[in-house]
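Undergrad: Chain order of the listed sequences is X and P. Residues in the first sequence are numbered from 1 upward in steps of one, following my numbering. Residues in the second sequence are numbered from 1 upward in steps of one, following my numbering.
Simulated from the structure, these hints should not be mistaken for lab results. For every residue, glycine included, the Cβ atom is placed at its ideal position computed from N, Cα and C. Incorrect hints may have been included.
[Stated by the list, open to error] Okay, derived cross-link-like pairs now, DSSO-like style, lysine-lysine, Cα gap no bigger than 30 Å in a straight line:
1) P:K94 x P:K18
2) P:K18 x X:K41
3) X:K155 x X:K214
4) X:K390 x X:K327
5) P:K76 x X:K41
[To be verified] Listing some non-contacts, in silico: residues in chain X with all C-beta distances to chain P over 12 Å:
6) E3
7) H8
8) M44
9) K328
10) S336
11) F453
12) R472
13) N525
14) V529
Here's the letter readout for the chains.
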Amino acid sequence: MEEELAFHLESYTNELIRRGVAPEEAARRARIELGSVAVQKENMRASLGLRLWDDLRADLRYGVRMLAKSPGFTAVAIASLALGIGANTAIFSMTRTALFENLPVPHASELRRLSWTIHGKRQPMNHVSGFVDLLNGDTFTSSAFSNTAYGELRKSGVFRDLAAYYPDGNLEISVDGNAESGSEDYVSGNFFSELELKAEVGRLLLPSDDVAGKSNVVVLSDAFWRSRFGGSPAVIGKTLEINRVPLTIVGVAPHGFTGLGIYERASVFVPLSLEPILSPGERTNRLTDPETWWLSLIGRIRPGVKDAQAQAALAGIFRQTVQETLKKRKNIDLDSMRIAVVPGSRGDNPYRHRFLEIDSVLSALAFMVLLLACANLANLLLARASARQKEVSLRIALGAGKWRILRQVFTENLLLAVCGGIAGIALGYAGRNLAPPLLGEPFPHFDIATVIFAIGMSLLTCLLFGSLPAWRAVHADAQEAMRESAQMTAKRSRIHLGKSLVVAQIALSVILVAGAGLFLQTLHNLISVQLGFQPQRLLLFDLSLSSDYKTQTKRAVAYQEIAERLGTIPDVISASYSTDPFISDYYSTSNFDIAGQPQGERVAWENVVGPHFFETMGIPFLQGRDFGREDTTVSQRVAIVDQQLAHDFFPGQNPIGQTFLGGGVDAGNIRIVGICGNSRFKDLRQSPPPTFYLFSRQIADYGPGGQMTYARLRPQSIRQQFRHPCTILCARSIATCRYHASGRRKSRLTNRCTPSGCSRF
Amino acid sequence: MDKQLDLLQGTLDMLILKAVSLGPQHGYGVLLRIQQISSDQLEIQQGSLYPALYRLEHQGAIASEWGESENNRRAKFYRLTAAGRAQLRAETGKWNRMAEVIAGILNTAPGEV
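Given only the sequences and the hints, what does the whole structure look like? Please build it.
TA: Have a look at this one:
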């Protein structure tokens with residue numbers, strides 16, 4: 001363009017010169033006749049329809065220049081926007097993952113799960129596995145069913161079919177002799193077909209695999225297949241050992257599917273029928289025992305069947321099964337047992353409703369931060385608009401249209417919003433994993449939807465903070481404004497506007513500061529709560545024994561030996577173990593019946609502990625004696641109770657020497673020999689429950705397989721020594737108790753348990 | 001120099017097309033040619049020439065390429081395209097009809113109506 005115009009000028013100048021005009025004069029006249037080259041070019045571009053684009057580019061360039069001119073303002077604006085958008089983005093990604101993400105199966109919305117409730121706080125059968133909700137008022141809630149109940153419910157006809165599964169997080173998987181700790185899902189043969197999943201390679205499990213003992217097969221998860229076998233299709237037909245039982249690999253589950261539990265990621269899937277073979281440590285055969293409720297059920301509801309109808313249809317079958325298969329127990333009303341149909345599209349997330357509460361609070365807080373950032377920025381922009389009034393007035397006076405000015409202002413705002421948005425996405429990405437551990441949630445996916453959300457947020461903020469100053473800018477009367485600006489005065493209305501914005505800002509800030517204060521107070525309370533035991537220099541070993549230790553007796557002896565050997569390490573002051581780990585969601589309750597008083601009224605918490613337990617944990621001993629060598633399987637059973645129990649059950653008496661019935665074992669009377677201090681080994685929020693401790697040496701075959709082993713260290717000791725304390729076991733986690741307890745503290749904020757807590761058994 | 005006539009609104013495009021239809025020409029040449037044909041009777045605003053050229057090129061009525069001018073300078077030459085030729089024919093026809101009608105009206109003597 002420029003060249004063409006230059007050629008024109010030159011030709012015309014030459015022409016004029018030929019006509020006898022002096023060269024300078026000729027050049028001048030040529031320029032006058034053509035007009036300004038810049039204007040000429042602008043008109044030429046406009047005729048090409050490039051006007052809008054040119055304007056936008058000019059606006060952007062101008063905007064960048066203006067922002068660069070006041071780096072302080074720009075930095076503050078972008079930083080505050082980034083905080084607001086970042087916080088919202090991080091929380092959104094968490095909310096989306098936890099609440100709105102469906103299982104990676106086709107037509108997930110058809111899926112329903114089953115659960116049941118019973119009045120009272122006690123379970124109506126011998127064993128219940130999986131998640132149990134006791135916090136819900138005076139009701140016991142669970143989603144575990146016995147195999148017998150599963151068989152009956154399957155016949156109801158309201159589901160296309162009903163599948164059963166049971167996640168087991170504690171087993172040994174070995175490939176070519178290399179063992180590792182892993183988790184598996186026991187699934188019924190119809191599980192994969194009911195979920196409409198297709199094998200990545202090979203085949204998935206089939207109903208024919210339900211025949212007990214016939215089918216020693218295993219299906220790998222996609223992730224396990226890729227990490228252990230490099231994604232090789234040649235894996236089909238190979239052998240893999242689970243708890244030393246060889247199984248043939250028949251297929252790989254589809255990519256992304258790791259079972260239905262939201263906290264558990266299954267490495268392998270095995271048929272339900274293998275459960276008695278793979279987990280021989282159990283005393284009863286879960287497949288046949290009607291008093292063991294362990295299976296989670298899921299199915300696709302038939303088209304046209306309403307949840308309420310399905311529930312009604314299932315209720316009769318359920319009631320009958322319960323009456324026929326469960327023993328009658330004192331203080332338990334089997335008639336109050338009710339079955340419920342619950343949505344299953346998002347799998348197994350028992351904490352959903354509790355998460356929803358905390359999440360809405362967090363979302364509201366984050367949104368308020370964003371609003372505050374917007375108000376802040378609007379005020380800054382207003383102040384800037386006043387300062388730039390002269391510039392705007394000048395442009396209006398020079399003939400700039402209102403739309404043109406508006407567009408300029410919005411381009412600048414958009415520029416800020418986009419910068420803030422980009423910084424916000426970065427911040428949200430960096431902070432995406434901050435909140436979930438605090439709530440015990442799984443880590444969220446930070447995907448394209450999250451980014452789109454952040455972009456939407458940026459545009460929203462742009463509208464929020466930008467429209468007011470923009471409106472101000474174009475409604476200024478050019479003449480008056482120029483005069484006014486010259487005198488550096490501002491209209492009253494503008495002052496009012498600024499004031500109301502400041503009021504809004506302060507109001508929002510007060511809410512936020514108060515909220516943050518309460519939050520910190522809660523954290524502080526939890527940190528300063530008296531644990532009752534000494535968490536300093538206490539190491540926790542979450543150990544799983546290899547599957548050579550099949551019987552409870554062998555396992556008990558092994559744990560005892562581990563603790564003894566730990567105790568001989570120079571830096572260890574003492575070591576011990578307990579069946580229920582401290583600060584976890586495991587606890588056992590037991591009747592506490594005192595001779596001559598009504599039975600079944602008192603319930604206390606019980607824990608079976610090894611030698612030197614109180615010394616190791618730093619629980620003060622108040623009265624009586626500790627467990628000792630004189631306590632054996634043949635001597636009188638003894639217990640140590642805590643202060644709370646002494647206070648609740650023996651008011652005004654000395655409990656030492658008293659006897660009680662309890663502990664869930666047919667041991668007869670248990671004599672109380674000592675009183676120890678209270679400790680909060682379950683929950684930091686509730687007051688310590690009445691607790692009694694039994695001695696592991698007296699109860700050799702007691703308790704489940706997993707135990708927590710503790711070691712108290714000398715102050716100067718070195719942690720590294722404990723990496724591999726013993727070769728016979730694989731250590732799943734070793735943590736200092738401070739860490740463990742602080743982790744619990746964080747998760748206790750919402751009264752929930754961590755994934756590791758749920759998965760242990 | 002005689003008093004020049006101002007160009008009628010909307011006729012510049014047509015004149016440019018006509019000038020270019022006589023042979024490829026650069027912008028300045030188009031200006032000269034129109035003035036020359038009209039015997040300097042028509043005054044073309046230099047400021048409106050180039051936007052008009054660009055508009056016509058954008059519409060596809062003329063095409064351009066860089067070439068050598070008569071005084072050996074690089075210049076952008078415009079030539080008529082097929083679409084431009086059709087447009088010129090249509091506009092010429094329209095103009096002639098319009099001129100006839102207007103001339104007819106203006107020549108009407110009293111009593112003829």
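Undergrad: If a hint holds in the structure, say so; if it doesn't, say that too.
TA: Hints, one by one, checked against the model:
no. : hint            : in the structure
1   : P:K94 x P:K18   : holds (14 Å)
2   : P:K18 x X:K41   : holds (24 Å)
3   : X:K155 x X:K214 : holds (24 Å)
4   : X:K390 x X:K327 : violated (88 Å)
5   : P:K76 x X:K41   : holds (15 Å)
6   : E3              : violated (7 Å)
7   : H8              : violated (5 Å)
8   : M44             : violated (5 Å)
9   : K328            : holds (92 Å)
10  : S336            : holds (82 Å)
11  : F453            : holds (40 Å)
12  : R472            : holds (36 Å)
13  : N525            : holds (73 Å)
14  : V529            : holds (77 Å)
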